[in-house]
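> Numbering of the sequence shown is given in this note's numbering, commencing with residue 13 and proceeding in unit increments.
Think of the hints as simulated: they come from the structure by calculation, not from any bench. Treat each hint with caution, since some may be false.
Said to hold, decoys possible - Calculated pairs, SDA-like style, for lysine to any residue (alpha carbon to alpha carbon, straight line, at most 25 Å): (1) Lys41 x Gly55; (2) Lys20 x Tyr126; (3) Lys114 x Gln100; (4) Lys221 x Asn73; (5) Lys128 x Lys150; (6) Lys150 x Thr97; (7) Lys216 x Lys150; (8) Lys237 x Lys173; (9) Lys237 x Asp162.
What the hints assert, rightly or not - Distance windows between CB atoms, simulated: (10) Ser133 x Gly161: 29 to 37 Å; (11) Glu234 x Ala146: 35 to 43 Å; (12) Lys173 x Pro28: 45 to 53 Å; (13) Asn25 x Ile172: 32 to 40 Å; (14) Glu176 x Arg232: 42 to 50 Å; (15) Val19 x Ala166: 41 to 49 Å.
Every residue, glycine too, gets a C-beta built ideally from N, C-alpha and C.
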Amino acid sequence: MSKIIEVKVEELNALPATKIVESENVQAKFVQMYNAIWGTDKGEQMYHKEVFNFQKLLRDNPDLADSTKMSLYGCFLDIAVNGLTLDQTGHPLCYILSRSSKTGHKNAQGYDIYEKRAYVSVTGYGELTMRMRAGQIKYADNPVVVYEGDHFKASLVNGIKNIEYEAQCPRTSTKVIAAFIRIVRNDNSVDYQWLMEGDIERLKHYSEKANSKWNDQTKRRELGKANALYT
């Protein structure tokens, strides 16, 4: 039976954000979870690799370090659980982002108190990696961004999705109106997934809302900046 490893909030809060992952208990927890979930003995190797990636992310994005220590710890364990990597070179599989979240408490004026919490956002490449590993799909082409002026038509005929696409050359606009991806299933059948302009704007607005902050001067919450994924 595996030994139960406890990581206490007080232990995390006593450490700088970048040092959380260097805690002996955090290391033991990561390695234990990785090996148990993926049936391997490479947890130690993956731990050291992801410590480097985690600390680099926080150094490159100081704003993330203001997130609660427990949420940052949770993000690190999510990497072990999902079998992904925080390596940002090439096509990143995931990011660590932050957003304001209610604490469940109120201040003296009766307003909700918020705190910044970090979370893992899996990219399209990360989703594909997990689905391919699970045997759900065979492979997928790189996503295609559709700009204003391109010929683009998405259709569903007799339950079969299809895309007609032709890029305009030379390009006359930088406005993004859609995006799509071609997926090949294990039986070699083809599927398409797409986002239209309204879908992209909806996700952007959701990101702005998730990153909203309380303004003490105006006494109200104001929309934050959308994450780079949607801009």
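> Next, verify each hint and record whether it holds.
Okay, the hints, checked on the actual structure:
no.: 1; hint: Lys41 x Gly55; verdict: holds, 10 Å
no.: 2; hint: Lys20 x Tyr126; verdict: holds, 22 Å
no.: 3; hint: Lys114 x Gln100; verdict: violated, 30 Å
no.: 4; hint: Lys221 x Asn73; verdict: holds, 20 Å
no.: 5; hint: Lys128 x Lys150; verdict: violated, 38 Å
no.: 6; hint: Lys150 x Thr97; verdict: holds, 21 Å
no.: 7; hint: Lys216 x Lys150; verdict: violated, 30 Å
no.: 8; hint: Lys237 x Lys173; verdict: violated, 34 Å
no.: 9; hint: Lys237 x Asp162; verdict: violated, 29 Å
no.: 10; hint: Ser133 x Gly161: 29 to 37 Å; verdict: holds, 30 Å
no.: 11; hint: Glu234 x Ala146: 35 to 43 Å; verdict: holds, 40 Å
no.: 12; hint: Lys173 x Pro28: 45 to 53 Å; verdict: holds, 49 Å
no.: 13; hint: Asn25 x Ile172: 32 to 40 Å; verdict: violated, 54 Å
no.: 14; hint: Glu176 x Arg232: 42 to 50 Å; verdict: holds, 46 Å
no.: 15; hint: Val19 x Ala166: 41 to 49 Å; verdict: holds, 47 Å
Of the numbered hints stated above, those contradicted by the structure are hints 3, 5, 7, 8, 9, 13, listed in ascending order.
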